[in-house]
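Chains as they are written, first to last, in my numbering: chain S, 1 to 813; chain L, 1 to 292.
Read the hints as simulated data drawn from the structure, not as lab findings. Small disclaimer: the values here were computed from a predicted structure and weren't measured. One or more hints might be untrue.
Stated by the list, open to error - Facing chain S, a subset of chain L residues (Cβ under 10 Å, in silico):
1. P86
2. V127
3. L146
4. L150
5. D156
6. D164
7. R255
Said to hold, decoys possible - Using 25 Å as the maximum straight-line C-alpha spacing, the simulated SDA-like pairs for lysine to any residue come out as follows:
8. K591(S) to L743(S)
9. K203(S) to L192(L)
10. K670(S) to L192(L)
11. K757(S) to P196(L)
12. K334(S) to P196(L)
13. K203(S) to R80(L)
14. K260(L) to G481(S)
15. K203(S) to D195(L)
16. K203(S) to R245(L)
17. K81(L) to L743(S)
18. K670(S) to T158(L)
19. K670(S) to R80(L)
20. K334(S) to G415(S)
21. K23(L) to R80(L)
22. K81(L) to G415(S)
23. K334(S) to V280(S)
To be verified - Derived DEER-like restraints, expressed as beta-carbon distance ranges:
24. A69(S) to I278(L): 49 to 59 Å
25. Y268(L) to R500(S): 48 to 58 Å
26. M617(S) to T182(L): 33 to 43 Å
Beta carbons: idealized from backbone N, C-alpha and C, even for Gly.
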Amino acid sequence: MTSTYKVAIVGSGPAGLSAAARAAQLGMYHILLEKTDHLSDTIFRYQKGKHVMATPSQLVLRSDFDFDAGKREKILQTWNDQAASQNVQVRYRSEVTAISGSPGAFTLKLADGESINAEAVILAIGTQGNPNLMRCPGGDLPHVEYQLDDPTAILDEHITVIGAGDAGIENALGLAADPEQRNVVTIVNRSSDFSRAKDANVKALTSAAEEGRITILTETSTNRIEPEHIVLDTRDGELRIPCNRIIARMGSAPPRGFVESCGIEFSSKDREAFPILSPVFESTAPGIFVIGALAGYPLIKHCMNQGYDVVEFINGNTNLKPADEPILETKFSKLPGNRSVDEWLDVLRTEIEILRDLTPLQMREFTLDSDVSFVRKGDVIFDRGAPGSSLFNVASGGVHVQVNPSDPSIVVPIGTGAMFGEVGLISGRKRGATVVAAEDSILMEIPRNSALKLIATVPAVKRAVTRVSIERQLLQLFKAGLSPSDIAEVVESAETISVRAGESIIAEGDESYDIYVIRVGSMVVERTIAGKTVFISYLPAGSYVGEMALIEGGRRTASVRAAVKSEVIKLNGDAFRSLLDRNSALLERLKIDMATRKDVNAHIETMKSTFSDVADMYSSVASFLVENGIGEATDVLLIDERLCVGCDNCEKACADSHDGLSRLDREAGKTYAHLHVPTSCRHCEHPHCMADCPPNAIHRGMDGEVFIDDTCIGCGNCQRGCPYGVIRMDKVPPKKPPLLNWLLFGSGPGPGEPNAKWAKKHGNPEAPKKAIKCDMCAGIEGGPSCVRACPTGAAIRISPEQFLSVSHMQKGS
Amino acid sequence: MAFLARNKAAKRAGPSSHVSFLKYADYRWLKIASGFSALTILIYALIDVEPRHSGNSWYGYTLGTIGAILILWLALLGWRKRSIKPGQWTLKSWVSAHVWLGLSLIIVVTLHGAFQFGWNVHTLAYVLMMIVILSGIYGICAYTILPKQLSSNRGDMTQVEMLDNLRSIDRQLHDATQPLSTELANIIGASLNDDPFSGSILARLKNQYPSCPTQYAFETVGAASRSKASDNADDIVRAAQLLSRKVTALANIRRHLQLKAQLEIWLYFHVPVTFALIAALTAHVVSVFFYW
Ligand SMILES: Cc1cc2nc3c(=O)[nH]c(=O)nc-3n(C[C@H](O)[C@H](O)[C@H](O)COP(=O)(O)OP(=O)(O)OC[C@H]3O[C@@H](n4cnc5c(N)ncnc54)[C@H](O)[C@@H]3O)c2cc1C
Ligand code: HEM
Ligand code: SF4
Ligand code: SF4
Ligand code: SF4
Chain S
1 MTSTYKVAIV
11 GSGPAGLSAA
21 ARAAQLGMYH
31 ILLEKTDHLS
41 DTIFRYQKGK
51 HVMATPSQLV
61 LRSDFDFDAG
71 KREKILQTWN
81 DQAASQNVQV
91 RYRSEVTAIS
101 GSPGAFTLKL
111 ADGESINAEA
121 VILAIGTQGN
131 PNLMRCPGGD
141 LPHVEYQLDD
151 PTAILDEHIT
161 VIGAGDAGIE
171 NALGLAADPE
181 QRNVVTIVNR
191 SSDFSRAKDA
201 NVKALTSAAE
211 EGRITILTET
221 STNRIEPEHI
231 VLDTRDGELR
241 IPCNRIIARM
251 GSAPPRGFVE
261 SCGIEFSSKD
271 REAFPILSPV
281 FESTAPGIFV
291 IGALAGYPLI
301 KHCMNQGYDV
311 VEFINGNTNL
321 KPADEPILET
331 KFSKLPGNRS
341 VDEWLDVLRT
351 EIEILRDLTP
361 LQMREFTLDS
371 DVSFVRKGDV
381 IFDRGAPGSS
391 LFNVASGGVH
401 VQVNPSDPSI
411 VVPIGTGAMF
421 GEVGLISGRK
431 RGATVVAAED
441 SILMEIPRNS
451 ALKLIATVPA
461 VKRAVTRVSI
471 ERQLLQLFKA
481 GLSPSDIAEV
491 VESAETISVR
501 AGESIIAEGD
511 ESYDIYVIRV
521 GSMVVERTIA
531 GKTVFISYLP
541 AGSYVGEMAL
551 IEGGRRTASV
561 RAAVKSEVIK
571 LNGDAFRSLL
581 DRNSALLERL
591 KIDMATRKDV
601 NAHIETMKST
611 FSDVADMYSS
621 VASFLVENGI
631 GEATDVLLID
641 ERLCVGCDNC
651 EKACADSHDG
661 LSRLDREAGK
671 TYAHLHVPTS
681 CRHCEHPHCM
691 ADCPPNAIHR
701 GMDGEVFIDD
711 TCIGCGNCQR
721 GCPYGVIRMD
731 KVPPKKPPLL
741 NWLLFGSGPG
751 PGEPNAKWAK
761 KHGNPEAPKK
771 AIKCDMCAGI
781 EGGPSCVRAC
791 PTGAAIRISP
801 EQFLSVSHMQ
811 KGS
Chain L
1 MAFLARNKAA
11 KRAGPSSHVS
21 FLKYADYRWL
31 KIASGFSALT
41 ILIYALIDVE
51 PRHSGNSWYG
61 YTLGTIGAIL
71 ILWLALLGWR
81 KRSIKPGQWT
91 LKSWVSAHVW
101 LGLSLIIVVT
111 LHGAFQFGWN
121 VHTLAYVLMM
131 IVILSGIYGI
141 CAYTILPKQL
151 SSNRGDMTQV
161 EMLDNLRSID
171 RQLHDATQPL
181 STELANIIGA
191 SLNDDPFSGS
201 ILARLKNQYP
211 SCPTQYAFET
221 VGAASRSKAS
231 DNADDIVRAA
241 QLLSRKVTAL
251 ANIRRHLQLK
261 AQLEIWLYFH
271 VPVTFALIAA
281 LTAHVVSVFF
291 YW
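Just chain S, with the same shape it has in the complex (with noise of 0.2 Å):
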C-alpha cells in the first residue's frame, strides 16, 4: 500500500468511532482500523439487551454521531447506519501489531502483515487488551477459543475449559447446564484451589461436578493440543482426553505493552498510570494520539468528545474549547475574585505545590472531579472522627489543625500550597483531627479515587505525599507535643514496607526493638501459651505497636502479623530511643498505652489458665471473623445465631427502606461458634468495588458507609470487584401499596422484597439493572434499619475493634 493517510485511527470503540466521524465530517483522508469484524468491541460485547447510560448528564455531546441512553443494540445500530451513511472509512479484521516512524511518516503493521502508511496517529485501542494465549504447542490451532458468546450454541462437544477464574467456570457451567445439549465439559485448574473465582462460583462448579456434569483436573496444566484431543499433565502423570474445543480463559494482558512499544511513556511503573498526554491528546511520541479509555476516560460521552476534539486539534484548530468547559465555569463560578476557567485553574496549579507538576490536560481532569471552594475564617473544614478520605489542598489562605482534642488552642498552622487530610485518604480511617479555617481560604478538595490516581500518576506527588503523611502520622499518634524538627531523624529513617495478608511483621522471640506504624490494613497481635496461639488484641489502621520491646528491652513477647494486605511504617528502634530520651512526655505516654497493653496480655493469661475454654473460643472466634475478611472492615453485620429465629425481618426491613430491594442476604455467609457473617457489605477502608466504576458513582460518604450514586451505570464491574459478593444488579421493583392496605385488605405483596411475579406484573419492563449495595441506612434516623427490625437483638452492627475487644468477648459469652 502506497497511499498515505492523513490520519489512521487504531480502535472503532466509540472514541475511534466519533473521531473518524469527524475525520470524514473534515473531508480528511483517513482510515480507522479495527481489529474484529464490527464495530466497538467492548460494547458490543455487553451482555444482550443492556442498558447503555449516558454519564455524566451535564456534560454535553460533542459529536458527529449520536449517542443517548439506551438498549446496546439500538446504539450499535446507530452507529453502524452513521458510519455508512457520513462515509467513514473501516477497515475490520486489521489489527495493528507496531507502529513506527515519526510525525508525517507512520506505519502501522497489521496482523495480517499489511501495512499502512499514515501522517498521524490516533491510538483508541480502550483497556480491554488481549487475552493471555495458550503457548504449548498446538496452542494456535483453530478450535483454540478465547472467548465463549452464546454456550447454548455448542451441542455434543468435548470442551476443555483452561483456567478456573470465575470468566472459566462460568462458560463451564453455561456448557455444561442444560444436559440436552450433551456436552462433555472439563475444566482445568492449574493450582489446587480455585481462590481466585467468587464463592458462589466455586459453589455451584463443585455441585456440577458432584452431579457429573463437569469434570475438575487441578494442578494440571496443558502440554500440548491435537486436533481431536487435548494432552494434559496432571500430578499422576499424562492425560489424554478427547476434545473438539479449548476455550482458554486465563486473564488478559493490558494493552500496556503495545502501547510503550510505539514509544509512548506512561507517567509511573504502576497499574493505575496513564499515558503521558499534551493539552491536545498527544503523547510523548509526537504524532501520535491517545484518546478514550486508554486515556483514562472510561465513560462513552467522554470518549466520544475526545474522538471529536482530537481530530480539530490535527486538523489545525487551536481555538477549540473543551466540551467541559461550563462544567468548570460554574465550579469557579462561586469563588471571588471573577476569573476566567484558564486563570483558575492556572492559580491553582501554581499555588498548590502537588499541582505543580501536573499538565494542564491532568489539570482539567482533576479539577472537573474535585470541589473548589471559598471558606471564611473560623469555618470548621472537618471534625475530629468524621469519616472522610478526600484530600485538601490550600490554595489561598491557611488553616489550623487542632492536634490536642481537648484543648483546641493547641493548633498546628497549615499555610498556603500544602495539603491536608491525606492520613484519612490513605489509612481509610477516620479523620484524626479538627481543622479550621485560619482565615478566610479557597480550598480544593479531590476525591479519594482522583487523588488516588494523582499519586499513582504523577511521582512527585507520591513522594510528597508519603513524606507528609508520615510526618503527620507519627505528630498525630504521638501527640505529646512533638513538633515536627523533634521527629525528623525518626521520619528520616522511616521506611514503607507492605506486608501480604498474614505475614507477620514481628515474631515472638525475636531481639528486633523497631517500631511500626500501621498506615494501611490492620494486624492482629497474637502469643503462643501452652502450646496454643492465642489471640491479643486487633490493630486498626492508625496505631503503631513495637514499644515493650524497645522500653523494657528483652525478646518480643508477641507476634504480629497482618490481618489483611497492609501497609506498615517502620521507625529505627535507635532513632526512636534517643527521641525517647530527649523527650520524657512522650515516654510517659508511650509507658500508659504500654501499661494497658500489659493489661490486657496478663488478663488473657489469666483466663488462659482458669478458663482456658472462654480464651480458646475468643481467640478462635476473632481468627474466624479475621479470616472472613474483617480485617478490612468498617462496620459489618453480625448475627448472634444464639438469638436469630430466621425470621428474615431484618431483610425485609432492608428492602422496606431502600427502593424495596434488599442488600443483605442473611442466611449466607460463614458461620463459627453461632457467629454469623451475613452476606452484606462491611464498608471496607479501601473498597475493592470502588477501584474500576466508569462514571465514579461509588463513594465514602459522611457516616463512613460506601454508597453508590445515581450515575451508576450497571457495568457490573464493582459486583465483579467486591470479594465479599455483596453488592447485586437488580431493577427497583414498582412501588408497593401502604402497610395499612395490605394488613387491612391484603393489597399487594406485603412487608419486605416484592416477588419477582407481583415486581414483573407491575414494573417498568425497561427499567435498567443498577448496581444494588448497603448503604448502612446514611441519612435514616435511628441508623441501620436491619438491626433495629430484629426482634431479639440477634443482629448488630459494628466495628471489628470494637467487636474483637477483651470487654465485648467477655459480654458475648
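Fit chain L with the ligands to the supplied structure of chain S, relying on the hints for placement.
Below, chain L with the ligands without anything else, positioned relative to chain S:
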C-alpha cells in the same frame, strides 16, 4: 460548599448493643413489670372495697382500664414489626417491653376480675387472653432454646442450598436408576417424586415421616446391594450410596423445617387469638357499660 454542609449531617446512633431482647437495657422492662405487678397486689391486699373485690369497684375499673390499654398496645407490635420507619426505636426494645408487660397482665387482669369466673363473655375474654399469654410463653421458650439448634443444624448452608443439594443428589439418582430393574427403579422413583415440603404440619413439627419413600428405598436398595446376587451389582451399590447421601441430606433439611416450624407455630395461635381477644374485649367493655 459541599464539605461544610456534610459536617452538619445528623448524628447517628452509636454501635448496636449486643444483648438479647430479654436482657434489654439491663432487664429494664422486667423490673418495671414486676414492680408494677407487686404494687397492684399490695394495693389489692391493703384496700378494703365493699362488698368485696370485683371488676366494678373503683380499683377494678382502674385495673381493667390499664389491662385493656395494655392489650391494645401489645397488639400494636404486629404493626411495629412491619412498619420500618426512621426513628430512634428498635424492635428489640418493643419486644422486651411486650414480653415483660404482657406477663404482668396475668396479675393485673386476674386481680381486675377478682377471681370471679362464669360462662359469660367476660370470662371468655379472660380465657382468650390467657391463651395468647401462654402461647407467648411458649414463644419465648422457643426463641431461647431453638436458635442455637437451628444454627448448628444448618452450618454454613442456606435453605436454598440444602434444597439444591437434595435436587443435585436426585439428578444423580435419576441417572443411576436407569440400569436397574423396574422394581428397584420404581422404588427409587417414589423417592424422587417425594417433595420434602409435603407431609402434614404435625409430621413437620415432630419430624416424623413414617412412610417416607426415601427411607424405604434406602433400606430395600441397601439390602439388595449387600446380596451380591445380581449381575449389575455395581449399579446397585452406586444407587445405594446415593440413597444414603439422600437420607442424610433429607434428615438435615427436615430438621431445619422442624425447627423453623417450632419457631413459628405459636404465632399462628398468638396472632389470631389476639384478634379474637380484641373482639371479646370489646364485647366485654360494651356489655359492662350498657347492660350492667
Ligand atoms: C459491562 C460494561 C458496561 C459499561 N457500561 C457503560 C455505560 O452504560 N455507559 C458508559 O458511558 N460507559 C460504559 N462502560 C464503559 C465504556 O464501555 C468503555 O469505557 C468505552 O467503550 C471505552 O471506549 P474506547 O473507545 O476508549 O475503547 P473500546 O470501546 O474498548 O474500543 C476499543 C476498540 O479497539 C479495538 N482494538 C483493540 N486493540 C486493537 C488493535 N491493536 N488494533 C485494532 N483495533 C484494536 C477493539 O476491538 C475495540 O473495538 C461499560 C463498560 C463495561 C465493561
Ligand atoms: C394479651 C397479651 C398479648 C397480646 C395481645 C399479644 C399480641 C402480640 C402480637 C399482635 C404480636 C405480633 C406478632 C406478629 O405480627 O408477628 C406479638 C408478638 C410477640 N409476642 Fe405477644 N401478645 C401478648 C402477650 C405476650 C406475652 C405474655 C408474651 C411472652 C411471654 C408474648 C410474646 C411475644 C413475642 C416474643 C412476640 C414477637 C414475635 C416476633 O416478632 O417474632 N406476647 N404479640
Ligand atoms: S461492596 Fe464489597 S468491596 Fe465494597 S465496601 Fe462493601 S464489602 Fe467492601
Ligand atoms: S444497614 Fe441498612 S442498607 Fe445496610 S443491610 Fe442494614 S438495612 Fe440494609
Ligand atoms: S431479624 Fe434478627 S432474628 Fe430475624 S432473621 Fe434477622 S437476625 Fe435473625
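Tested hints:
For P86(L), the interface hint holds, since its Cβ comes within 10 Å of a Cβ in chain S; the closest pair sits about 4 Å apart. Taken as an interface hint, V127(L) does not check out: its beta carbon lies about 26 Å from the nearest beta carbon of chain S, beyond 10 Å. For L146(L), the suggested interface contact is upheld, since its CB lies about 7 Å from the closest CB of chain S, less than 10 Å. This hint holds: L150(L) has a C-beta 6 Å from the nearest C-beta of chain S, less than the 10 Å allowed.
With a least beta-carbon distance of about 5 Å to chain S, the hint placing D156(L) at the interface is held under the 10 Å criterion. A cut of 10 Å between beta carbons decides the hint on D164(L): the least distance to chain S is about 7 Å, and the hint holds. Annotation: R255(L) was flagged as interfacial toward chain S, and the flag is violated, the nearest CB pair being 13 Å apart, outside 10 Å. Distance hint between K591(S) and L743(S) is unfulfilled; the C-alpha atoms sit about 62 Å from each other, more than 25 Å.
For the hint linking K203(S) to L192(L), the alpha-carbon distance of about 23 Å falls within 25 Å, and the restraint holds. The suggested pairing of K670(S) with L192(L) is violated, with an alpha-carbon distance near 30 Å, which exceeds 25 Å. Of the pairs offered as hints, the one joining K757(S) and P196(L) holds, with about 24 Å between alpha carbons and a cut-off of 25 Å not exceeded. At roughly 67 Å between alpha-carbon atoms, K334(S) and P196(L) are farther apart than 25 Å, so this suggested pair is violated.
With a C-alpha separation of about 38 Å, the suggested pair K203(S) and R80(L) falls outside the 25 Å cut-off, and the hint is violated. Of the pairs offered as hints, the one joining K260(L) and G481(S) is violated, with about 60 Å between alpha carbons and a cut-off of 25 Å exceeded. Using a Cα cut-off of 25 Å, the hinted pair K203(S) and D195(L) holds, with the two alpha carbons roughly 24 Å apart. Straight-line distance between C-alpha atoms of K203(S) and R245(L) comes to about 18 Å, which keeps the hinted pair within the 25 Å bound.
Restraint check: the Cα-Cα separation between K81(L) and L743(S) comes to about 12 Å, which is no more than 25 Å; the hinted pair holds. A C-alpha spacing of about 10 Å is found between K670(S) and T158(L), which places the hinted pair at or below 25 Å, so the restraint holds. For the hint pairing K670(S) with R80(L), the CA-to-CA distance comes to about 30 Å; that exceeds 25 Å, so the pair is violated. Proximity of K334(S) to G415(S) is assessed by CA-CA distance (about 22 Å); at most 25 Å being required, the pair is judged to hold.
A threshold of 25 Å between alpha carbons decides the hint, and for K23(L) with R80(L) the separation of about 20 Å falls inside it, so the pair holds. Taking the CA atoms of K81(L) and G415(S), the gap is about 54 Å. The hint is violated against a cut of 25 Å. At roughly 28 Å between alpha-carbon atoms, K334(S) and V280(S) are farther apart than 25 Å, so this suggested pair is violated. At about 53 Å, the beta-carbon gap between A69(S) and I278(L) stays in the expected band of 49 to 59 Å.
A hinted range of 48 to 58 Å for the beta carbons of Y268(L) and R500(S) is consistent with their spacing of about 54 Å. A C-beta distance of roughly 55 Å is found between M617(S) and T182(L), which places it outside the suggested range of 33 to 43 Å.
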